[in-house]
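Participant: In case you want the letters, here they are:
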Amino acid sequence: MDKQLLAMLVCPLCKGKLKYDKDAQELLCTFDGLAFPIQDGVPVMLEGEARRMSVEEKMERSETAAPAADAE
Amino acid sequence: MSVEKTTHFGYKTVATEEKQAMVADVFHSVAAKYDLMNDLMSFGVHRLWKRVTIDMSGVRPGNRVLDLAGGTGDLTRQFSKIVGPTGKVILADINSSMLNVGRDRLTDQGYVGNIEYVQANAEALPFEDNSFDVITIAFGLRNVTDKDAALRSMTRCLKPGGRLLVLEFSKPTNPLMSKAYDLYSFTALPFMGKLVANDSESYKYLAESIRMHPDQETLKGMMEEAGLTRCTYHNMTSGVVALHRGIKP
Chain A
1 MDKQLLAMLV CPLCKGKLKY DKDAQELLCT FDGLAFPIQD GVPVMLEGEA RRMSVEEKME
61 RSETAAPAAD AE
Chain B
1001 MSVEKTTHFG YKTVATEEKQ AMVADVFHSV AAKYDLMNDL MSFGVHRLWK RVTIDMSGVR
1061 PGNRVLDLAG GTGDLTRQFS KIVGPTGKVI LADINSSMLN VGRDRLTDQG YVGNIEYVQA
1121 NAEALPFEDN SFDVITIAFG LRNVTDKDAA LRSMTRCLKP GGRLLVLEFS KPTNPLMSKA
1181 YDLYSFTALP FMGKLVANDS ESYKYLAESI RMHPDQETLK GMMEEAGLTR CTYHNMTSGV
1241 VALHRGIKP
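Chains as they are written, first to last, in my numbering: chain A, 1 to 72; chain B, 1001 to 1249.
In isolation and in its complexed conformation, chain B is listed as follows:
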């Protein structure tokens, strides 16, 4: 008798090897309206969360940065300005639709020269050991099937002293906020998804996947397990989002 390995796809249990394709379908579906939806869903606050991520990264001119699951390029745009002509930012995403939207947008806005694009899987990164000063993964880790493998792969690619920043939805710290957030994300979000992107299922997945993602302390432990040191996290918007940071020894 064979035992099939399973994992979560939102609240559904699916075969491990199926998850990647199912997540891919969600993002092919939402790519075009992704930024608009982010603004609507977070009331624009996602811009602030990303701003804090850049500040906490300690990025400097000349640095090499990997913006993983970088989708439509919000973080890459800021990193590109800071690292300057002597630095390099690599925008990587597993999803070709998201990567194409990001590349077209950044190129149209004149961000060229120090940005490169790579289609890659976070679990098996195609970069040399010790390549990056900073690696970020913003709203991406919860969609990765094997999160431990991804954290190990990111640690491998960091230079000693390099920083990993994980920006992700997390567990609200305040019970009232938690109630309001549940109500909002399971009723308003799929409705907005239907209205704006004509795709309520994808946004239902997003809401469910957030609930299944490891909480603040669990993720911190996973980062330590992957070999990072001085791991800390900062709750933002009452823990709706948490920014974790770890340093490669």
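Here chain A stands alone, though its shape is the one from the complex:
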């Protein structure tokens, strides 16, 4: 994922910052509990295509994952 693009992307719902999960290739909005997939390097920023996180995952993720803009 391009660093500059990563820094520009926000959640399409709340416009909040996203967290980049490099291993899972997902962009996470812990506020809305949505994981947007990155398919072949293309972020799919559609609510209907996003994976819904469980409450536990939401809690855990909001503490651990690094903010997207600071990720490698």
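I should point out that these hints are in silico values taken from the structure, not numbers from a laboratory.
Just to be clear, a hint being listed does not mean it is correct.
Covered stretches of chain B, going by a simulated chain A footprint (3 or more residues, C-beta under 8 Å) [as the list claims (entries may be wrong)]:
1) 1081-1094
2) 1112-1123
3) 1126-1140
We treat Cβ as the ideally placed atom computed from N, Cα and C, and that holds for glycine.
Add chain B to chain A, keeping to what the hints say.
Facilitator: Same frame as chain A, but now just chain B:
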């Protein structure tokens, strides 16, 4: 009693939440033959319309550009050349088929480095406020379900002083042209669609959706309502197509 919200899908009235999926089917169906059909349907003139759009955008080296509903990448290709290595062009489309065709084509032609691809809905753009110097939407706005929401979302993502350019089919200004255009688009277009893309229904939708799209003055008013200033439009090919431009204050 519940009242279902409805919208237009061509001349048909459909539930608001259904339109997006129906438009998606049209573009999944036509993606592969989209550029060929554009050349045939417009006699190649769509290239000129897009050229004027680039000129009117005032794009400069180093700029950030969002080519929304950018489909197969015609505008992105030109923007990429102009913004250069210090700029960035984001090609965004709601439709994965259109985006894939665009990415493959641009990559094959060697356009890499300053282009990124994002699948996004114009009504809910996934970008920070004040991100872009230029946003274009060419032949895309009429397929968007909530056009006012899309115009507001685009305005939000523009930098102050940034320009929104909407290139779209519009209302012919000349009655003779209007007659000829009606005849052409409701008989010749679906026939060509059938012949070339084996899909007359999709091209019938395109012709109908053009007639349902707001005319020049209405769209200008919608852009002003969304918060843009100095909104103007230029008719091209006797108003078959209009290029609207607005500036974020």
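Participant: Run every hint past the structure and note whether it holds.
Facilitator: These are the hints, each one checked on the structure:
1. 1081-1094: n = 3 at 8 Å, threshold three: holds.
2. 1112-1123: That given contact holds, which follows from 6 residues of the segment 1112-1123 of chain B lying within Cβ reach (below 8 Å) of chain A.
3. 1126-1140: Held - the segment 1126-1140 of chain B has 5 residues with a Cβ nearer than 8 Å to chain A, which meets the minimum of three.
Comparing the model with each earlier hint shows no violations; every hint is respected.
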